[in-house]
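Just so you know, the sequences run in chain order A and B.
When you line the first sequence up against the numbering used here, it's residues 1 to 117, in that order.
When you line the second sequence up against the numbering used here, it's residues 1 to 110, in that order.
Incorrect hints may appear among the rest.
Stated by the list, open to error - Here are the computed distance ranges between Cβ atoms for each label pair:
{"id": "1", "chain 1": "B", "residue 1": "S20", "chain 2": "A", "residue 2": "P86", "range": "36 to 42 Å"}
{"id": "2", "chain 1": "A", "residue 1": "G99", "chain 2": "B", "residue 2": "D27", "range": "32 to 38 Å"}
{"id": "3", "chain 1": "A", "residue 1": "M45", "chain 2": "B", "residue 2": "N95", "range": "14 to 20 Å"}
{"id": "4", "chain 1": "B", "residue 1": "N95", "chain 2": "A", "residue 2": "G53", "range": "14 to 20 Å"}
{"id": "5", "chain 1": "A", "residue 1": "P86", "chain 2": "B", "residue 2": "Q80", "range": "34 to 40 Å"}
{"id": "6", "chain 1": "A", "residue 1": "L74", "chain 2": "B", "residue 2": "P81", "range": "35 to 41 Å"}
{"id": "7", "chain 1": "B", "residue 1": "S20", "chain 2": "A", "residue 2": "E22", "range": "47 to 53 Å"}
{"id": "8", "chain 1": "B", "residue 1": "N53", "chain 2": "A", "residue 2": "P86", "range": "24 to 30 Å"}
{"id": "9", "chain 1": "B", "residue 1": "G94", "chain 2": "A", "residue 2": "T80", "range": "27 to 33 Å"}
{"id": "10", "chain 1": "A", "residue 1": "G103", "chain 2": "B", "residue 2": "D78", "range": "26 to 32 Å"}
{"id": "11", "chain 1": "B", "residue 1": "P81", "chain 2": "A", "residue 2": "G103", "range": "29 to 35 Å"}
{"id": "12", "chain 1": "A", "residue 1": "K55", "chain 2": "B", "residue 2": "S26", "range": "43 to 49 Å"}
Think of the hints as simulated: they come from the structure by calculation, not from any bench.
Since the structure is predicted, the reported quantities are computational estimates derived from the model, not experimental observations.
Where is the CB? At the ideal position from N, CA and C, for every residue including glycine.
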Amino acid sequence: GAVVSQHPSRVICKSGTSVKIECRSLDFQATTMFWYRQFPKQSLMLMATSNEGSKATYEQGVEKDKFLINHASLTLSTLTVTSAHPEDSSFYICSARYGGGAGDTQYFGPGTRLTVL
Amino acid sequence: QKEVEQNSGPLSVPEGAIASLNCTYSDRGSQSFFWYRQYSGKSPELIMFIYSNGDKEDGRFTAQLNKASQYVSLLIRDSQPSDSATYLCAVNTGNYQLIWGAGTKLIIKP
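Turn these sequences into a full structure, and let the hints steer you where they fit.
Encoded structure:
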């Protein structure tokens, strides 16, 4: 159980285009999902927290107009990188909140590697 | 500011030995503690979690929690080359977000 999928796994796009990444919880409902970014040899960086049916909460320094998040159902959250530039090239990983109480944790999708040319 | 600290490593351990990974946290109100493993180029995967003082064993892995000293550790017995990865410590301080350590790189030498 607790499987999270992410699509696409890899995307290459031209500068100025928009890219949408999907994150799905396959065997459980996730009222909360998280979006992370990770540059090579660096730590996970939380970008935003996505709550079903409400606006996402962005971490300081993350542009909400550039990274659009939609969490329209209990199993799907999407991240759209708008007007992507080479500096947006990174490994984007989503996770879904699972469980409750002391066992409240996150399960991760396999990640999306974005390359902007 | 709530913090989770780990030695970045790399920690080099011979195959078959016990690997010991440590993590300290600043918030005394922290409730549960998680260990994730991340292979290079992959996303993190949950190994185990612990919320009571003491030891919790799962196969070759043992998590140890000491709330008084504010540290949590992960022991890997009979280390294998396939255990070579970065190990991330994460702490739930009472809301649904996790506070992450920067990770310890573990290298198991054959």
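What hints, given by number in increasing order, does this structure fail?
-> 2, 7, 8 and 12
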